[in-house]
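Peer 1: Chains as they are written, first to last, in this note's numbering: chain E, 1 to 113; chain G, 1 to 167.
Any given hint could be a false lead.
Straight-line distance between alpha carbons at most 20 Å, and here's what the computed SDA-like set of lysine to any residue pairs gives [claimed, not checked]:
no.: 1; chain 1: E; residue 1: Lys90; chain 2: G; residue 2: Glu108
no.: 2; chain 1: E; residue 1: Lys90; chain 2: G; residue 2: Leu11
no.: 3; chain 1: E; residue 1: Lys90; chain 2: G; residue 2: Gln130
no.: 4; chain 1: E; residue 1: Lys90; chain 2: G; residue 2: Gly107
no.: 5; chain 1: E; residue 1: Lys2; chain 2: E; residue 2: Val59
no.: 6; chain 1: E; residue 1: Lys90; chain 2: E; residue 2: Val101
no.: 7; chain 1: E; residue 1: Lys90; chain 2: G; residue 2: Leu19
no.: 8; chain 1: E; residue 1: Lys2; chain 2: E; residue 2: Val54
no.: 9; chain 1: E; residue 1: Lys90; chain 2: E; residue 2: Glu112
no.: 10; chain 1: E; residue 1: Lys90; chain 2: E; residue 2: Asp102
no.: 11; chain 1: E; residue 1: Lys90; chain 2: E; residue 2: Gln109
no.: 12; chain 1: E; residue 1: Lys90; chain 2: G; residue 2: Val30
no.: 13; chain 1: E; residue 1: Lys90; chain 2: E; residue 2: Leu73
no.: 14; chain 1: E; residue 1: Lys90; chain 2: E; residue 2: Arg107
no.: 15; chain 1: E; residue 1: Lys2; chain 2: E; residue 2: Ala80
no.: 16; chain 1: E; residue 1: Lys2; chain 2: E; residue 2: Val53
no.: 17; chain 1: E; residue 1: Lys2; chain 2: E; residue 2: Arg33
no.: 18; chain 1: E; residue 1: Lys90; chain 2: E; residue 2: Leu74
no.: 19; chain 1: E; residue 1: Lys90; chain 2: G; residue 2: Val33
no.: 20; chain 1: E; residue 1: Lys90; chain 2: E; residue 2: Val54
no.: 21; chain 1: E; residue 1: Lys2; chain 2: E; residue 2: Phe18
Worth flagging that the hints you see were computed from the coordinates, not collected in a lab. Bear in mind the structure is a predicted one, so any value in this text is a computation, not a measurement.
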Amino acid sequence: MKSAVVIVLAVVGVGFSFSGAVGILRMPDLYTRIQCSSKTITMGAIPVLVALVVAEGPVSSYGSRTLVVAVLLLSVNPLASHALARAAYKRGVPMWPGSVVDQGAERRQQSED
Amino acid sequence: MLRRWLALWCLAFAVWIVLSWTRTAEQLIVGAVAAAIVATACAPLGPVAAPWVLLAPRRLLATLRATLWALGQIVRANLSLSRRIWAPSRPLRPGMVIVPSAMETDGEWAAVGLVTSLIVDNQLVDVDRQHHEMLFHTVWVDTLDPDENRAQINGPVEDRIAAIRRP
Numbered sequence: 001m002k003s004a005v006v007i008v009l010a011v012v013g014v015g016f017s018f019s020g021a022v023g024i025l026r027m028p029d030l031y032t033r034i035q036c037s038s039k040t041i042t043m044g045a046i047p048v049l050v051a052l053v054v055a056e057g058p059v060s061s062y063g064s065r066t067l068v069v070a071v072l073l074l075s076v077n078p079l080a081s082h083a084l085a086r087a088a089y090k091r092g093v094p095m096w097p098g099s100v101v102d103q104g105a106e107r108r109q110q111s112e113d
Numbered sequence: 001m002l003r004r005w006l007a008l009w010c011l012a013f014a015v016w017i018v019l020s021w022t023r024t025a026e027q028l029i030v031g032a033v034a035a036a037i038v039a040t041a042c043a044p045l046g047p048v049a050a051p052w053v054l055l056a057p058r059r060l061l062a063t064l065r066a067t068l069w070a071l072g073q074i075v076r077a078n079l080s081l082s083r084r085i086w087a088p089s090r091p092l093r094p095g096m097v098i099v100p101s102a103m104e105t106d107g108e109w110a111a112v113g114l115v116t117s118l119i120v121d122n123q124l125v126d127v128d129r130q131h132h133e134m135l136f137h138t139v140w141v142d143t144l145d146p147d148e149n150r151a152q153i154n155g156p157v158e159d160r161i162a163a164i165r166r167p
């Protein structure tokens with residue numbers, strides 16, 4: 001039973017990671033690709049870490065280090081994606097032409113007028 | 001200052017215990033000293049979230065509720081984004097939207113930024129603390145109205161963070 005849970009969690013994690021990687025290739029611009037890269041952490045790495053905890057037990061050196069890794073991933077990943085998106089936006093990396101709105105640019109235009 | 005130092009010491013010592021995972025007296029003493037050094041070095045940098053505030057039952061309950069809600073939203077948003085990735089026929093309506101925010105402290109801004117970025121529908125791009133606004137990139141823009149976008153993006157997160165801060 002435990003092995004089955006571990007396998008399911010690992011497959012879910014690897015599946016979402018693969019899906020995120022495909023998303024990075026398929027999405028039309030940098031900003032949507034950044035969002036796909038977050039996927040590989042939130043639903044890609046975390047289920048794999050949970051699988052490790054289930055396999056080795058929560059009160060073990062594996063469990064404790066998994067907790068540290070999960071906390072780091074869940075805090076550093078949003079930070080990194082925010083830094084990337086902000087830097088790209090400030091540098092004027094273009095959005096996909098099919099994007100429906102850029103209220104940041106509209107606001108800048110209003111303040112310049 | 002002492003409260004800040006103590007909070008940092010508790011957090012650093014907890015990290016030491018989790019990382020070392022060896023319950024010998026030597027390890028604990030070295031960990032306590034290392035945590036004291038870290039707390040002394042970091043205490044002057046700014047306010048610290050004290051871990052013992054979570055011991056208040058209402059705050060703990062609000063934290064658990066917010067965590068469960070965020071987990072649910074993360075799964076929902078990931079499934080939704082996966083459907084868009086694997087089904088090219090599903091259209092995209094991405095855009096940059098400005099939403100108002102009710103957050104005040106550094107910790108509240110950081111928490112909203114972290115949680116909204118983990119829910120992969122939206123990515124925080126920039127904040128304007130002076131005007132209490134946040135700029136998000138969203139995969140699907142439903143409306144251009146800032147208040148309606150707030151209700152969809154950061155509003156639910158902010159309500160839950162406010163419930164933790166002021167239970």
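Peer 1: For each hint, tell me whether it holds in the structure or not.
Peer 2: Against the structure, the hints:
no.: 1; hint: E:Lys90 to G:Glu108; verdict: violated, 24 Å
no.: 2; hint: E:Lys90 to G:Leu11; verdict: violated, 35 Å
no.: 3; hint: E:Lys90 to G:Gln130; verdict: holds, 18 Å
no.: 4; hint: E:Lys90 to G:Gly107; verdict: violated, 24 Å
no.: 5; hint: E:Lys2 to E:Val59; verdict: holds, 16 Å
no.: 6; hint: E:Lys90 to E:Val101; verdict: holds, 16 Å
no.: 7; hint: E:Lys90 to G:Leu19; verdict: violated, 38 Å
no.: 8; hint: E:Lys2 to E:Val54; verdict: holds, 7 Å
no.: 9; hint: E:Lys90 to E:Glu112; verdict: holds, 16 Å
no.: 10; hint: E:Lys90 to E:Asp102; verdict: holds, 13 Å
no.: 11; hint: E:Lys90 to E:Gln109; verdict: holds, 14 Å
no.: 12; hint: E:Lys90 to G:Val30; verdict: violated, 45 Å
no.: 13; hint: E:Lys90 to E:Leu73; verdict: violated, 25 Å
no.: 14; hint: E:Lys90 to E:Arg107; verdict: holds, 14 Å
no.: 15; hint: E:Lys2 to E:Ala80; verdict: violated, 34 Å
no.: 16; hint: E:Lys2 to E:Val53; verdict: holds, 11 Å
no.: 17; hint: E:Lys2 to E:Arg33; verdict: violated, 35 Å
no.: 18; hint: E:Lys90 to E:Leu74; verdict: violated, 25 Å
no.: 19; hint: E:Lys90 to G:Val33; verdict: violated, 43 Å
no.: 20; hint: E:Lys90 to E:Val54; verdict: violated, 43 Å
no.: 21; hint: E:Lys2 to E:Phe18; verdict: violated, 24 Å
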